[in-house]
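A.B. asks: Each chain, written out:
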Amino acid sequence: MDLHALTIHELQDLLGTREVSARDLTEAFYRRIAALDDRVHAYVTLTPEQAFEQADRADHRRQMGESGPLLGIPLAIKDVICTAGIRTTCGSKILHNFVPPYDATVIEHLTAAGVIVLGKTNMDEFAMGLSTEHSASGITHNPWDLSAIPGGSSGGSAAAVAADECAAALGSDTGGSVRQPAACCGIVGLKPTYGRVSRYGLVAFASSLDQIGPMTKDVRDAALIMNVIGGNDPRDSTSAAMPMPDFTRALTGSATGLRLGIPREYFVGGIDSAVEQAVQAAVQVLEEVGATTAEVALPHSEYGVAAYYILAPSEASSNLARYDGIKYGYRTPQWSNLRDMYMHTRDEGFGAEVKRRIMLGTYALSAGYYEAYYQKAQQVRTLILRDFEEAFRHVDVIVAPTAPTPAFKIGEKTDDPLQMYLSDVFTVPVNLAGLPGISVPCGFNSAGLPIGLQIIGKPFDEETILRVAHAFEQHTDYHRRKPPL
Amino acid sequence: MITREDVEHVAELARLELTAAEKEQFIAQLNNILTYFEKLNELDTSDVEPTSQVIPMSNVFRDDAVQPSLDRTKVLQNAPEESHFFFKVPRIIEE
Chain A
0 MDLHALTIHE LQDLLGTREV SARDLTEAFY RRIAALDDRV HAYVTLTPEQ AFEQADRADH
60 RRQMGESGPL LGIPLAIKDV ICTAGIRTTC GSKILHNFVP PYDATVIEHL TAAGVIVLGK
120 TNMDEFAMGL STEHSASGIT HNPWDLSAIP GGSSGGSAAA VAADECAAAL GSDTGGSVRQ
180 PAACCGIVGL KPTYGRVSRY GLVAFASSLD QIGPMTKDVR DAALIMNVIG GNDPRDSTSA
240 AMPMPDFTRA LTGSATGLRL GIPREYFVGG IDSAVEQAVQ AAVQVLEEVG ATTAEVALPH
300 SEYGVAAYYI LAPSEASSNL ARYDGIKYGY RTPQWSNLRD MYMHTRDEGF GAEVKRRIML
360 GTYALSAGYY EAYYQKAQQV RTLILRDFEE AFRHVDVIVA PTAPTPAFKI GEKTDDPLQM
420 YLSDVFTVPV NLAGLPGISV PCGFNSAGLP IGLQIIGKPF DEETILRVAH AFEQHTDYHR
480 RKPPL
Chain B
0 MITREDVEHV AELARLELTA AEKEQFIAQL NNILTYFEKL NELDTSDVEP TSQVIPMSNV
60 FRDDAVQPSL DRTKVLQNAP EESHFFFKVP RIIEE
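Top to bottom, those sequences are chains A and B. Okay, so the first sequence: first residue is 0 according to numbering that gives the first Met the number 0, each after it adds one. Okay, so the second sequence: first residue is 0 according to numbering that gives the first Met the number 0, each after it adds one.
Please note: incorrect hints may appear among the correct ones.
[As the list claims (entries may be wrong)] One side only, chain B facing chain A, incomplete, derived with CB under 10 Å: (1) Met0; (2) Ala13; (3) Phe25; (4) Val47; (5) Gln52; (6) Val65.
[Claimed, not checked] Lysine-lysine pairs mimicking BS3-like chemistry, simulated, CA-CA at most 30 Å apart: (7) Lys408(A) x Lys481(A); (8) Lys38(B) x Lys22(B); (9) Lys87(B) x Lys326(A); (10) Lys326(A) x Lys73(B); (11) Lys412(A) x Lys22(B).
By construction, these hints were calculated from the structure, which means they are not laboratory data. A virtual CB, placed ideally from N, CA and C, is assigned to each residue, including glycine.
From just these sequences and the hints, can you work out the full model?
C.D. replies: Take a look at the structure:
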């Protein structure tokens, strides 16, 4: 039996009957990683020593009579989430040697639940990108086509899940960085409502947009991880004091009575025909399982990319000011005075895309330009938010493509940043409005590359998007297909 | 239009030492991106409140209780240079 191919809940069935141990699973995944990761390059750091300790502890807990949905399950963690004692680089030279002295809150929750951390996954530097081509640790390849991007910025996590190099993974999503790589790699990716999951220990990119989310082989696994990582955290003052449901209870297999909104603005211009067909077919499937559909208007969608690429770099330019070569991370070996040390440390430590966004953000916030760019973008953010509020007066969820095209080729867009940014068109409005969104596999193009269906929900209504995603999954088999590795 | 002087000024504000080649590249790329941003001027936002964050929360308080700090040794292990339990920094006051 291919243990590495199973979902969390399937593995849990085997662990529960003692057919396999957590140690068996850990060995199986490391064998899989050894066989494939030379080609996929999903991982930046592997942590076998700690993983086998965690596995033995999980097996011991089970022997003592404990059980739990994540007890003994091997996961991969995006290298932007702090793990105590394990190097956390954010894909950047400037953090190449950073060993966090503490765990992120999500890691504390997962550890308490008995999870095994196999290693840290590759990403675009500081989560800035959608192709995982901007990492100081090199490029990650799409398991479905090694010459294609895996999406990003959580491309390492997405590729690790798709290639069965872990049972599931955590990613982070600031403008689509969980949902878009999930779509590119044919897996499930959930971005929770802003405030649902603590950001304590998530290295900051754009603090008003960042959320951690699960990347999994099916919808049930996403619900299981959400049950563990969500909830209020006193250490993150933006984490919401909202009740945490059992998300698996939303998985009824039916979409009966639910109203789906189809935003007409998401189906005009620039969208790949295979993506459009797959999403239209997915809407039909959802109608067959009981949902009704209505067209909705999100008239300010087309301004999302411009607003996002002002706001996110502005917040980033402020957040990344902390990398100064003093308290942690890289310091240039050669300098003559303090200013010189800052300038060289940051020039040598940051990659091109991060510098570009720091420049953009600094420019947008600088004297004379603040009103024209930053404040204007914040006002447009309000208009985008109002669009969604109006649409959700008429429908329960909004259904759309996750990305306008399947995964493009490695190197195809690296010379033209604006073209790259425009690929974020369907995901960034969701972050600007703070809404939950999930991407589920809904088809393949003629080249065999996966396509993602995005389901967007009301604030703190992850349950309904999980329910719709699960109902879709119950009536399709796209999520069960495996890449030809 | 963003000029070479603008790029140099912003790089100075951001404490980024850019090479001549990087400056040339940024002039072209940033102009391209900033031109795209002009799209936002199609919208009249004169009566629209700005949104800085989406959660309707403010003044999140907690009890001012003493809690353990991070482990000093572990923290200093990440320092590029340390000395006697302090971060060692470049001289900032001229002799």
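A.B. asks: So which of the earlier hints does this model not fit?
C.D. replies: Those not satisfied are hints 1 and 6.
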